[in-house]
Amino acid sequence: MIHKAFILAGGKGERLRPLTDETPKPMLEVSGKPILQHAIDWLEYHGVQEIVLGVGYQHEKIMHYFGNGRPSGARITYSVEGKPLGTGGAVKAAQEMLGKEPFIMLNGDNLMDVDYRKMAAVHEKNKALATIALVEVKDVTGYGVARLQGEKITEFVEKPAPGLEPSKRINAGCYVLEPKALDFIPDGFSLIEKTAFPALAKKGRLYAFSHVGQWFPTDDPPKWEAAKKAWKPPV
Numbered sequence: 001m002i003h004k005a006f007i008l009a010g011g012k013g014e015r016l017r018p019l020t021d022e023t024p025k026p027m028l029e030v031s032g033k034p035i036l037q038h039a040i041d042w043l044e045y046h047g048v049q050e051i052v053l054g055v056g057y058q059h060e061k062i063m064h065y066f067g068n069g070r071p072s073g074a075r076i077t078y079s080v081e082g083k084p085l086g087t088g089g090a091v092k093a094a095q096e097m098l099g100k101e102p103f104i105m106l107n108g109d110n111l112m113d114v115d116y117r118k119m120a121a122v123h124e125k126n127k128a129l130a131t132i133a134l135v136e137v138k139d140v141t142g143y144g145v146a147r148l149q150g151e152k153i154t155e156f157v158e159k160p161a162p163g164l165e166p167s168k169r170i171n172a173g174c175y176v177l178e179p180k181a182l183d184f185i186p187d188g189f190s191l192i193e194k195t196a197f198p199a200l201a202k203k204g205r206l207y208a209f210s211h212v213g214q215w216f217p218t219d220d221p222p223k224w225e226a227a228k229k230a231w232k233p234p235v
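In this text, residue positions in the sequence shown follow the UniProt record's numbering: the first is 1, and each later residue adds one.
Hint data in this document are derived by calculation from the structure and do not stem from the laboratory.
The structure displayed is predicted, hence computed values, not measured ones.
One or more of the hints may lead you astray.
[Claimed, not checked] Straight-line Cα separation of at most 20 Å, SDA-like style, residue types lysine to any residue; simulated pairs:
{"no.": "1", "residue 1": "Lys4", "residue 2": "Pro179"}
{"no.": "2", "residue 1": "Lys12", "residue 2": "Asp183"}
{"no.": "3", "residue 1": "Lys100", "residue 2": "Asp183"}
{"no.": "4", "residue 1": "Lys194", "residue 2": "Gly204"}
{"no.": "5", "residue 1": "Lys168", "residue 2": "Val157"}
{"no.": "6", "residue 1": "Lys4", "residue 2": "Gly67"}
{"no.": "7", "residue 1": "Lys125", "residue 2": "Lys180"}
{"no.": "8", "residue 1": "Lys202", "residue 2": "Lys228"}
[Claimed, not checked] Cβ pair distances, simulated, as ranges:
{"no.": "9", "residue 1": "Asp139", "residue 2": "Ser210", "range": "27 to 37 Å"}
{"no.": "10", "residue 1": "Lys61", "residue 2": "Ala161", "range": "38 to 48 Å"}
{"no.": "11", "residue 1": "Glu101", "residue 2": "Glu22", "range": "30 to 40 Å"}
{"no.": "12", "residue 1": "Pro221", "residue 2": "Lys61", "range": "16 to 26 Å"}
{"no.": "13", "residue 1": "Asp41", "residue 2": "Lys118", "range": "15 to 25 Å"}
{"no.": "14", "residue 1": "Ala121", "residue 2": "Pro18", "range": "41 to 51 Å"}
{"no.": "15", "residue 1": "Gln149", "residue 2": "Pro18", "range": "41 to 51 Å"}
{"no.": "16", "residue 1": "Pro71", "residue 2": "Leu164", "range": "44 to 54 Å"}
Note that beta-carbon positions come from the ideal geometry of N, C-alpha and C, so glycine has one too.
Using the sequences provided together with the hints, build the complete structure.
Structural data, given as structure tokens:
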């Protein structure tokens, strides 16, 4: 099993203002605890022992809440952004902290119950450099949609017109990454979805894991309200 994880928790949550004026987006509460706590609990349930939080906006509040982690849980450390680095730049900046073993990477504002053990097994079986959890949605027109050959992802088609989508599967914001995958991310601001993933797809080293459980993004008010009503904490 994978023992290390990186969680993106540095965003401002502009679309959720005024909720995020005084509270970092991953610290908004669902079912009585912060979104980020749900993610950490689920990682710990799967045996993850070290978690690096990529923080920026109001990072002091996140660091004060979680500290170094609970005595019985994972050890928590922090990679603090001086300025926004994007999904790629944030994990690239934490490269040395993440070491030389495969790790899980998550968007810190999603609620999901991905089976990390099964996902890690798929990643290992395929000898992937990156494995992306995909979820199926009815309307894919606003998303990047995966084109697949078996479990291999060949590309993401951005916001396809109705009837032209290559599948109904989109990126869930959950990855298993080999350290080598970070070599495809430049220093500074970047998006992993636009840098490493297309490069790895061209090399045939980008794979999919199909997630069929809960998945609730919380990046705008309608999604946030839906998550609050429907999310059932798995632990």
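Hint-by-hint comparison with the structure:
A hinted pair counts as satisfied when its Cα atoms are at most 20 Å apart, and Lys4 with Pro179 qualifies at roughly 12 Å. For the suggested pair Lys12 and Asp183, the alpha carbons sit about 27 Å apart, so the restraint of at most 20 Å is broken. Under the criterion of a C-alpha separation no larger than 20 Å, the hint pairing Lys100 with Asp183 is consistent with the structure, at around 12 Å. Between Lys194 and Gly204 the alpha-carbon distance is near 16 Å, which keeps this suggested pair within the 20 Å criterion.
A hinted pair counts as satisfied when its Cα atoms are at most 20 Å apart, and Lys168 with Val157 qualifies at roughly 11 Å. Pair hint Lys4 plus Gly67 holds up; C-alpha atoms about 17 Å apart against a cutoff of 20 Å. For the suggested pair Lys125 and Lys180, the alpha carbons sit about 17 Å apart, so the restraint of at most 20 Å is met. Under the criterion of a C-alpha separation no larger than 20 Å, the hint pairing Lys202 with Lys228 is inconsistent with the structure, at around 38 Å.
Separated by about 18 Å at the C-beta atoms, Asp139 and Ser210 break the suggested range of 27 to 37 Å. At about 42 Å, the CB distance of Lys61 to Ala161 agrees with the hint of 38 to 48 Å. Between Glu101 and Glu22 the CB atoms are about 37 Å apart, so this pair conforms to the stated range of 30 to 40 Å. For the pair Pro221 and Lys61, the supplied restraint of 16 to 26 Å holds, since their beta-carbon distance comes to about 21 Å.
A C-beta distance of roughly 18 Å is found between Asp41 and Lys118, which places it inside the suggested range of 15 to 25 Å. Roughly 43 Å separates the CB atoms of Ala121 and Pro18, a value that falls within the hinted 41 to 51 Å. A hinted range of 41 to 51 Å for the beta carbons of Gln149 and Pro18 is consistent with their spacing of about 45 Å. Restraint check, Pro71 to Leu164: a C-beta distance of roughly 53 Å satisfies the suggested window 44 to 54 Å.
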